[in-house]
Amino acid sequence: MAVVQAILDGLMIGGVYAVISIGLTLVFGVMGIVNFAQAEFLMLGMFVAYYAWAWLGLDPLLAAPLAFAVVFVLGAALQHLLIRRVLKAPEVAQIFLTVGLLIVMENAALLMFGSGFKSVSTPYQTASLQLGPLFVSVPYLAAFLMSVASGLVLWLFMKLSWFGKAMRATAQDPMAAKLLGINSDRMHMLAFALGVGLTAFGGAVILPYLTASPTVGGQFVVLMFTVVVLGGLGSVAGAVVGGFAVGIIQSLSGLAFPIQLQNLVLFVVFIGVLAFRPKGLLGAAR
Amino acid sequence: MSSSGNDTASGRINRRQALAFAAVGGIAMPFVLRDAVAQGKAVNVGVVMPLSGANAQFGINSRNGVELVADEINAAGGIKALGGARINLVIADSTSTPTTAANVAQRLLTQNDVVAILGAFASSLTIAISEVTERRGVPLLTMSFSDQITGRGFENIFQVVAKASVLGKAQFDGTMALAATAGQKLERIAIMYEDTAYGTSQAAGLREGAKAAGVQIVMDDAYPLGITDVTPLINKLRASGAQAVFPVSYLNDSLQIIRAMRQQKIGIPAIGGAAGYVIPDFEKGLGEFAEGVLSIAPANYDLAPELTERFRKRYGYFMVHEALEHAVCMDVLAQAIETAKSTAPEALRKVLHGTRFEAGWTKTMTGGAVQFDKTGLNTLSVPVMVQWRSKELVTVWPSDVAKAKAVWAS
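Residue numbers (the working numbering), protein chains in the order written: chain A, 7 to 292; chain B, 31 to 440.
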């Protein structure tokens, strides 16, 4: 029964990992850029939700679309002002830019928000559903459902809307897309804004069970890259599979090993997967 | 180093040399001047605290405590034995990484001529700093708990609180006493702790207490400080059948642990290990769920309200223990300088080792005074047990200092 509980916990946390990582993989898939600052947008999302709660009394789950919107706009601006300029530059320049962005954002957050931990208090925070011997934490479940919902909306957007189709076309063949009249510059802006917005959305929905601080990104950045690479860099479906895999591996490892070794187990599996499937679990499918 | 010194040393210098000396003197001047100011009018005291990163809130609290006392001393006329020298705090951010802490301490010693260093809340940081201060022979006054701090035979370190293992043992003994008063005999307990120096030392004390009392430890788990998901820990706690849990955590982890316990409807008493459990943010983050949570603490503000209320008045929240103990560090240092009539490290060390400090802020400590043994440990400090009661921390154990009776939820 402990195994079932662990898998359940892992699934729920994996759903959140998936959604915060989709943003990273989307940016890479469409623009071919690895955004090292991605986890900082998660931090921003947490702070938007925190202040929406502190000032407007808005529940973090309701504030999640707001976090998405704010960071979406910021992302579009950053893409237009900074990222756009390095798209054709050597990779080293791209790395410098996004790592620099990470440092600037983290320190700007320290200046603006102070270095303390900010925590919301909501009525469902300490609630849980009991299914026989199993416990389902309500804040985890809420974060999971919100993540799944946002993932579905993104999938529908990519599948059905003209923008989604155009974005996928740009990812597959930028030249052909351009020839068909797709403004690739605008597609990149949309992809980047959507990517960081989605990560911020994920940040807002996990706020009920975590605390926001300017350095919280550091706790997620490695996980996000693990999720994305495990699933296959650039593949949205891969990020979903990777997210669930990471969540479940972490949770199951807690049964057999001390919790300190959680990430050790994760990375051993990670290395194993990459040894046999260097392009990730779904890497070849793309 | 000044040009005039060279002039008198030799009467025979040509114009070119004189010009060169003048130039060197001119460049060196600002530094010489600053040194003169430092020695004549102000005493530089280094304050190294984690002002960013995982432990920032504690660092800020600690800094506030030091600032309060330094400002009080300056307002009352400075260090009288040094002709009213003002205390000049040189505050530096150690971040929450030991290597940075050591670098920052090194910089204070080489560039700011600090006479002593206060800090740095987290044991792992303090230990890193102590390597530097010990090498340079400068006193380091701290309220970090870890046993390693005074356990390495260092001569320049002074720990104003009881050691972590003593705190851990008191955390256990106090709990047993409170449970017994409520008519419960504990047989199975759980321990979970963050895996840096502080959590590890205190867990050792808990284990020792449990062993001595013949109580079974049904769960004993370390976890990383930056933990983002405590569910596996709490699942394990639920399965363990413990009657009380002793979490030793900082803030982020303490909030997660108590919330996850409430989610899983685990109603056993949680007895925190100070740090995250005894600051206003804990109550702010948990609201009503903080009520009744117990914790060990090396000191508590309700034991000397006449002094600690000054802190609340200035900063708007109660004087958390790390602020209080850092205030004591600052005051003890000032008293030592008064007695030594000097800021020379050897003189200070001698006074710090040999004196019983009874004035000012030392009254806020349990024992009402501070006295360091030859390892630098304050032998008079006794931990207390506190409980959250309507947004305040009330001392509930030991009975001779308790302000109220503990509420025990079994």
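Worth flagging that the hints you see were computed from the coordinates, not collected in a lab.
Here a beta-carbon is modelled for each residue, glycine too, at the ideal position from N, C-alpha and C.
Hints are not guaranteed to be accurate.
Reference excerpt, derived from the structure (chain A facing chain B, CB under 8 Å, subset only) [to be verified]:
(1) THR104
(2) SER125
(3) THR132
(4) ALA262
(5) GLN266
Verification of the hints:
1. The restraint placing A/THR104 at the interface with chain B is violated, with a minimum CB-CB distance near 22 Å, outside the 8 Å limit.
2. With a least beta-carbon distance of about 4 Å to chain B, the hint placing A/SER125 at the interface is held under the 8 Å criterion.
3. Satisfaction of the interface hint for A/THR132 is found here, the shortest Cβ-Cβ separation to chain B being roughly 4 Å, below the 8 Å cut-off.
4. At its closest, the beta carbon of A/ALA262 sits 11 Å from a beta carbon of chain B; the interface hint therefore is violated under the 8 Å criterion.
5. For A/GLN266, the interface hint holds, since its Cβ comes within 8 Å of a Cβ in chain B; the closest pair sits about 6 Å apart.
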